[in-house]
Structures are given as structure tokens and as C-alpha cells.
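Colleague: The primary structure of each chain is shown beneath.
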Amino acid sequence: MVIEAPPKEPSDLHAQSGVRVEHVDRTFAGRTGAVHALADVSVRADTGEIVTVVGPSGCGKSTLLELICGLQRPDAGTVRSAPAALMPQRDLLLPWLTALDNAALALRARGMKREEARAAAAPWLKRFGLGGFEQARPAQLSGGMRQRVSFLRSLLAGKPVLALDEPFAALDAITRAEMQGWLARVLASEPRTVILVTHDVEEAVMLGDRVLVMSARPGRIINEVRVAEARPRRRTDAQIVGLRERVLEALGVNQ
Amino acid sequence: MRRTLSLWRTLLVVAALLGVWELYVDLGGADPLILPPPHAVAQSLYDDRALLWSSFLVTAREVVLGILLATAAALALAAAMHFFVSLRRAFYPLMVASQTIPVPMLAPVLVLWLGFGIGPKLVVVALVSFFPIVVTTLAGFASVDADLIKLMRTFDATRRRVFWMVELPAALPGVFTGAKIAVVVAVIGAVFAEWAGANAGLGYLFEQSIPQLLTARAYAAVVVMSVFAIVLFALLTLAERLTVPWAYRSIGDLDG
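Residue numbers (the working numbering), protein chains in the order written: chain A, 1 to 255; chain B, 256 to 511.
Incorrect hints may appear among the rest.
With a Cα cut of at most 30 Å, we get these calculated DSS-like pairs of lysine-lysine [to be verified]: (1) B:LYS405 - A:LYS126; (2) A:LYS113 - A:LYS126; (3) A:LYS113 - B:LYS435.
The hints are simulated quantities; they were obtained by calculation from the structure and are not laboratory data.
Given the sequences, and given the hints that come with them, work out the whole structure.
Modeller: Shown next as C-alpha cells:
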């Protein structure tokens, strides 16, 4: 895919745009009693850094992102973060809007006029390989296209931090691999501070500058792996394969 | 093609039923004054067409205006109950209770209060139509994914913008579902309201025809009411398909 020069920055990035989560504890009331989601979790992401968090299902990864986005408050510990936009696991595109209007949703949400928002979003759709699909409804788009629109919608929110919640979990394996490569290229040309949670170890290693390994609930950070490998990365690179093994071992799933 | 076929089957069933009915009366199974044969009803539909048409216009006005009134009130109340949980807790049980008041009992009281004009008819039609629309609209508001609301909040959307951009469009299919259910009860409500005191309308015509032993005319009035309800339902289905195409499913469609 050809990535053209950016038409326009969605907004000025804050000078200080990192994430600091320190010794956070979080328990919430579930259907079957209290759920201890996070136990003494500390996460740091510097400006422009991509931190991936990998762990088993239900280990509190989504809770961590909601804390960073300010949608929840910690019971103990501190969360300091530059403004963050969420990208949810399911695309949650509005079925009554076109791809263009869905992409422009964040702009409209903060009060931009419809035509202005469309004009701002249109060049990005082209850049994301969605040219010609501006007027398509979500139901007419493939899974990969829908995730691209969903990502663009969060990107255009203009927040310095992106909180990505298992963005490709709903896709088939081939599309997911393509989308991982796509996201790596987009973030190379459009740097953001990124916290990406996933249960896909390969995804975590392919995309992250650092990989944090979380335990089952209550979630704690049990390991940190730095990925020094230059981009673009290949799944078959010896270092990537080795790091993948290390993360799997930390999760206790390597025989 | 499939639409035509399934409609054709409905017509076949109707024709068969009419045939049995006609034969039963013709062979002396029932007095034609008590059970008029279909051909007599058809004859009345033609002979009394001017009377039926003017009566239809009166009832149609009551039903259509009543449903519009109910929809506006239902949307406003559903939105208010969606915004304020305490309002929902206070009003929901009362709303259910209001539906148990028998319309034949309520209609004469309303006539007493509001006179013989269109007023009491509108109130009755709106009252019976209101309930299904509120319930389905509230369900529409509640159907919005909690994660979508969270997403909008990280986009700094105000509560008002979330409502206009996400919740209201999501509730629109519910409004149509409620209105489609309301159509049928609205027609029944209009008839009861006319019986309680009116000087025109299909319900009035029916009521006047029975003691005069004009049973065929009474049946013709019922046929006009039924066709009216079907047409109204079909128009709402069409409007639904045009307005909320993303939610349109053929379930509940007239041709199944």
C-alpha cells in the first residue's frame, strides 16, 4: 500500500504526551461478586512509544485502557496520561452513517460542522486505501476495511495517545496479518503514543517497542520484553521468533 | 417475484374462505340478515361507497392524527425516561397501569369531558397507541452498545451530542416497530371512541347499521377498516425501509 504525504495533522500533538500508570489497583463489582481486575500495575509509555500489553483473556487489559482513557478511576495508585482516544475491539461503526461520516465521527463529536468534518476526513480515507468507499455503509465493507475506518475515526480524534483494545481480534488470520503490517506502516508515518492490548503474542512482538506481559486475573505485569528490532519487521526474523518464544515462556504456555 | 407469489397465496386463502362462507349462507345455513353473504357485502361496498368513503375519511383522520400525537408524546417521554432514571422508575408502572383502563369505560367519560367532536377520539387513539411506541423506543435507546458510549466520551462528546448522534438514530427502528403495533389497536380504539358518542365515522356507521338490520353495510364498514389498517401498516413498513434502511429486516413485513 502506498502511503502518501499526510494531508494535514488532525491536531497539534502535545509536547508532553506520555502515559504513566503507577501501582494501580482496580476492583469492580461483577455479576458474581467483586472482580479484582488489576493488582499493582505500573505501565509507562513515553512520547511516540508503542507499548503492547499481552495477556490471557479477562486479565484486566481492557480495564487498563479505560483507566488511561479516563473512563474509570483507580482504587489505588495514580494514572497520568495525555488525552487518549480509544479504539474498541469491535469496530462499533454506526450502521446509518457512510464510511466517510463514520471516520469523521470524532470531529463531529466535538462540534465540527458536517461539511468541514467530511472535508477533513476524506483525504485520510484515500490514504488508508478506502478511496471510492466514502459513501459505502459499514455493512458493505469487509472486516479489514471496517477496522481501518474504526482506527481512522480514533486517529482523527486528534489525541496524542491511542488506546487500542485488541484491534484485530475479530479478523481472520490472513486479514489480521495484513492489518498488523498496515498499522505498523501507519504509525511509522503518523507517530502517536500507543498502548495496544492483545492476546496475540506475535502481534505484540511485531508491533511493540516494548512488550508487557500480564498474568491472569488479577492482572499484574509479570515481565517486560524490549523489542529492539528495526522496522519493518518480518514474522520470520530470527530475533522476532526468539522474542515471541520468550514472551510465550513468560506466559507459561511454552512446553 | 417472491412478493407477488406470497401475496397471491394470501388472496387464495381469502377466496377459499369467502367461497365457503357464500355457500354456507346460500344453502340456508344462516339467515342472510344475520350473516350477510360475501356478495351482499360486496354489493354494499359498491352501493354505499359514498357513505363508506365519507365515514372512512372521519375515522382515518382520527387514527392518523391520534398515532402522530402518540408518536410525538411517546418520543418525548421515552427520551425523558432515558435521561432520568428516577423519571422512568416513577412513570413506567403508571404507564402500564394506564393500559389496563378498559377503553369502552374510558371513552364515554372522555366524551363527557371533551364533547362529541374529534377530541375524545384523538385521546383514546393516542392513549392506546402510545404504550407500544414508548416501550419499543425505550428498548431502542437501551440497545446502544455501552462501549460506543465510552468511545464517544473519549472523543469528548457531550451528553447531548451522544443523544443526537448515537442514541436517537439507534432508537428510530424501535419507534417504527411501536407504530406498526399501534396501527391495529388505534383502529379498534377509534371505533370504541365513536361508539361512545359520534355522528360520523366507520364505527358510528357500524353501530347505526346493526339495529336497522343493514348487516351487509356493517360488514362493509369492517372491511374498509381492515383494509385501512393493512394499508397504514404497509405505508409504515415502506417509511421504515426508506428512513432506517440499516435496521430494516423483512420480519414483520406484510408478505412475511
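Colleague: Output the numbers, in ascending order, of every earlier hint that fails for this structure.
Modeller: Hint 3 is the one this structure does not satisfy, whereas the remaining hints hold.
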